[in-house]
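Given the coordinates of chain A, work out where chain B should sit on it, guided by the hints.
There are 2 protein chains.
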Amino acid sequence: MAPALNTVPFVSVEHMMRLVLAIGVERFLTELADFIAADFRRWESFDKTPRLAAHSVDGVIELMPTSDGTTYGFKYVNGHPKNIRSGRQTVAAFGVLADVGHGYPVLLTEMTILTALRTAATSALAAQYLAPPRARTMALIGNGAQAEFQALAFKALLGIDRLRLYDIDPAATAKCLRNLAGLGFTLQPCASIAAAVEGAEIVTTVTADKQNATILTDNLVGAGIHINGVGGDCPGKTELHPDVLRRCEIVVEYAPQTRIEGEIQQLPFDHPVTELWQVIAGRAPGRRDARQVTLFDSVGFAVEDFSALRYLRERLGTYPFFTELDLLADPDEPRDLFGMLLRAQARAAA
Amino acid sequence: MAPALNTVPFVSVEHMMRLVLAIGVERFLTELADFIAADFRRWESFDKTPRLAAHSVDGVIELMPTSDGTTYGFKYVNGHPKNIRSGRQTVAAFGVLADVGHGYPVLLTEMTILTALRTAATSALAAQYLAPPRARTMALIGNGAQAEFQALAFKALLGIDRLRLYDIDPAATAKCLRNLAGLGFTLQPCASIAAAVEGAEIVTTVTADKQNATILTDNLVGAGIHINGVGGDCPGKTELHPDVLRRCEIVVEYAPQTRIEGEIQQLPFDHPVTELWQVIAGRAPGRRDARQVTLFDSVGFAVEDFSALRYLRERLGTYPFFTELDLLADPDEPRDLFGMLLRAQARAAA
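Quick mapping for you: the protein sequence lines, in order, are chains A and B. Start counting at 1 in the first sequence, then tack on 56, and there's your number in the numbering used here. Start counting at 1 in the second sequence, then tack on 56, and there's your number in the numbering used here.
In isolation and in its complexed conformation, chain A is listed as follows (with noise of 0.2 Å):
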């Protein structure tokens, strides 16, 4: 029998948790970072177009696409501060592969879930080239839906096993202690921004609001330290004061795009950056002394979401977390839609 060309495999968010919980969080993050490790040594082979944005007073809704020639893939994600209130999610996404060949989908998912994974673990990926060596220390400042994830990935990529934690509200800082319970860390809340980052090695901000927010000045920032930036991550939303920026090595994604969404946006157009790329392709040097201090400005790009799908698509082999989904129309014969129809209407009536 022909293989069915009218479904797409489809995973739903209750498929993905037990995909994850399957796996294990850790070591899905480990092997998730391999491969958006492996995409980024291939970085050249990659179609990199700046994400398609939506912006209204609200919000923002977005499509991340890009292609390695032979596999296209792309993100709808949304990111609207207020969502809070509703009780939606600021930010909620699902995503595509398909095979540039025929121009098939050939996978549907859920990829809130699986944003907050591949966030954090190029987040850790990046620090396992700019943080300092040994780092056990990591402040956690915002204490949001992104915080545990990153959490793990850092224990599970560095062996950060310290958590200092901030949020301004008291309330986001005990779900998250409450969560990390038991999964191997050492955790303490802290009062201040100021009393978290005290004998940190790395500092994680991560925090939501949509305004330029000075989370970190300058008099906070000691030698050495690396600066793990996640929430600086469109226009007008940033979390680090430029003096700050300025004495960091900063380290990004995609330069054409950071220089607009991320923390470097406070920065003229032509201060130098490095690609993460040419960091993990050895193409450029990581952290090089004991007092440097580093900065990856996160922002998100499409190639890490391309690594999540496939990593997706090749453990579904294993782990087949997944539905069939009639998204393709199918007729017998591919130049008789109309008599697809047809035949419906003829099963119908019998």
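No lab work stands behind these hints: they were computed from the structure. Check the hints yourself; a few may be wrong.
Any copy will do: because identical chains look the same in the list, a pair fits if it lies in one copy or spans two.
[As the list claims (entries may be wrong)] List of simulated lysine to any residue pairs, SDA-like, C-alpha gap at most 25 Å:
hint	residue 1	residue 2
1	138	124
2	104	312
3	104	116
4	138	244
5	104	234
6	104	291
7	138	157
8	104	329
9	104	386
10	138	65
11	104	339
12	138	87
13	104	347
14	104	313
15	138	103
All values derive from a computational prediction rather than experimental measurement.
Using the frame of chain A, we list chain B on its own:
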């Protein structure tokens, strides 16, 4: 109970067929044309961008987004002429509507069938303004997947009841004759293009080869006819000889896109054309006299898909042919995405 925030209504191919049959193909086409006309009348309220295309040797994958500031829509569509050989459609599509206010998708649907319907509805809508009054005879050149939809749209909107059919492949014509039998047409298969256009007041060209073909040469085009050119719809794919184009009053959907993709890719970039919305909104004349040769150079534009999605969503209120898809992560507390995973684990262990 609060409405579920995690699910998105999904219209499968099976459900789309049942919906179309429940409404009736001709009524569906007529109502859909009304939605398209309404959106074309408010053309200036739409964000319009050329489609985002990923080209490859074998075809193209496109994302076609648009928004009216309240609702956002996009279509994923491929175009792969060689797909017929593997039993796949040349063109397959799916689409999404989303709420601009919170950014969540509100509808996911198959769009292979819906695209065939919206293309035909747009063609017939344009012909209402461009074809000779009281036309009854149409030549249908190219008898593939689109042909019957075009025929029925012209019957429903203009009263066309005599069809003269030609295809390079007699099997395609035979399929078309079979499918259209008993639907109220006088059907005349023809041995050549010249025979097909004889006596026709409207000539629809809807062939599929990806090449600069010459379906209509100058000597075949008599005074007063309307040409509905549907098959010239991507770079390097045209159906009409440039001499024909130079004799026509040309109407397009969105000039910046059509100059790249349509028949007019063969003309200088400043050749005068009228946009269909101008005609529908009364800002430009349609047909002016009995001898004029008119051409609707159709390539398909995102606003038509938006109208089709909007129409579909409206009709689902009466005909609930959809299921709810678990596409969006919906933790009890929006910031607690990781906790949702932990609770799924606890449920699985229980």
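Unsatisfied constraints (hint numbers, rising): 4, 5, 9, 12 and 13
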